[in-house]
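Under UniProt numbering, think of the first position of the sequence shown as 1, with each following residue one higher.
Calculated directly from the structure, the hints in this document are not laboratory data.
Watch out, some of these pointers could steer you wrong.
List time: in silico BS3-like cross-link candidates among lysine-lysine, alpha-carbon distance up to 27 Å [claimed, not checked]:
1. K97 with K202
2. K314 with K245
3. K314 with K202
4. K395 with K162
5. K357 with K162
6. K97 with K397
7. K97 with K162
8. K357 with K286
9. K162 with K286
10. K314 with K286
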Amino acid sequence: MNYSIGRISESETNEADVGKTAMTDDVSNETYIDLNADILNVRRTQCLEFINESKPLEGLHCEPVFDTWTCWPATLAGSVATNPCPHFIVGFDPSRKAHKVCTENGTWFRHPESGQIWSNYTTCVNLDDLSLRQQVNNIYQAGYFISLLALLLSLFILSYFKSLRCPRNTLHMNLFTSFAFNNFLWLLWYRLVIPNTDVIVKNRVWCQCLHVVLHYFLACSYAWMLAEGVYLHTLLVSAFTSEQKLVKILTACSWLVPFFFTALYTTLRLASGDTQQCWIDESDSKMVLFVLVATSMLLNFLFLCNIVRVVVTKLRAGPNQSARPSTALLQALRATLLLLPLLGLNYLLTPFRPPDKHPWETYYEVVSALTASFQGLCVATLFCFCNGEVIAQMKRKWQYSVFRTRANSYTATTVSKSVYLQFVRSTAAPAAEEEIV
């Protein structure tokens, strides 16, 4: 039997002994009680009221007891009492049941190691669900890491070649930067916070700050997606727009507007007192960030629709007037698919989370992990690695390197031949003179 998650009854311990109970991830019980004193006091009061109002149980039975988490009623000897798992314990599923065994002699089961009355909370953790969460977290980490490498490489390429420095690529570099910071911070979150329950329960200041900074760059990513949409839409619709001025305005807005939204979100959350567990729990204050994200998504969708309309119109009115409508639609569809990762509309594939334990929940989690974590890789691939200008520059650089290597090799070969001929001539001259003599 697994005794890793259990609870010693309050009747067997005093307040100083409560911390002896083993919990998952080595979370200290004293810390937990400090953070949830109000909840535990309410549950203790409710348990005492329940015991006082309950009728005595006839026959051999175990007396009611409060184990500082759950109130256990009087239970007949040789039976098992059940209670819903505590909702305030990190990692516990409230829909599952905890157990407490009443032995044949009418006493509560005692822990074989401590010898004290013990409650079984091992069933409160859904191991199958935990395995799924771990696999999904691994997908997130792998995707963010690969995307981060691709984004850093893209930034290096666009910075290295001076001929690629233009307003359009400046916008791309800012987008890549926001994604890179976002991916890096998510990696820190999944490595330092998620697996460390002790950090979550103790609510470290650094993990709260990490949460705020992470959500700032997440908001910046959506803002830069919107900036890309505005830029493309403006260039297609207005032919006399100054790209330099437009990029400066978009740069200022895309970095500053998310800052104000994040500051407002932080202020509201601090004011509401909803600051426990590294701010992992959902909060109504997140509606502030949702407004920014929803606005970006909606405007990008409208821009994309109009961009497709303009592209189709130009394709039909351009040199390919003889092309059939189906061909024009296919070309427009190709342009649309190329824009989808840039504008972030792939998030529309997973807008609503299925209820817990729904058959589609697993697919939703996996699809969400793939589309969110690998978006940086997709953007870097489409707008850097597959960019015609970038490919041309890389080919030119490669050809120059190969040509220089061959040129150096040819020069070395020519010099060697020259030295060899001079050596042959100098050694052959005396032989001729000897024959004359």
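Hints and how they fare:
no. : hint           : verdict
1   : K97 with K202  : holds, 26 Å
2   : K314 with K245 : holds, 26 Å
3   : K314 with K202 : violated, 60 Å
4   : K395 with K162 : holds, 15 Å
5   : K357 with K162 : violated, 53 Å
6   : K97 with K397  : violated, 65 Å
7   : K97 with K162  : violated, 64 Å
8   : K357 with K286 : holds, 25 Å
9   : K162 with K286 : violated, 41 Å
10  : K314 with K286 : violated, 42 Å
The structure shown violates the earlier hints numbered 3, 5, 6, 7, 9 and 10.
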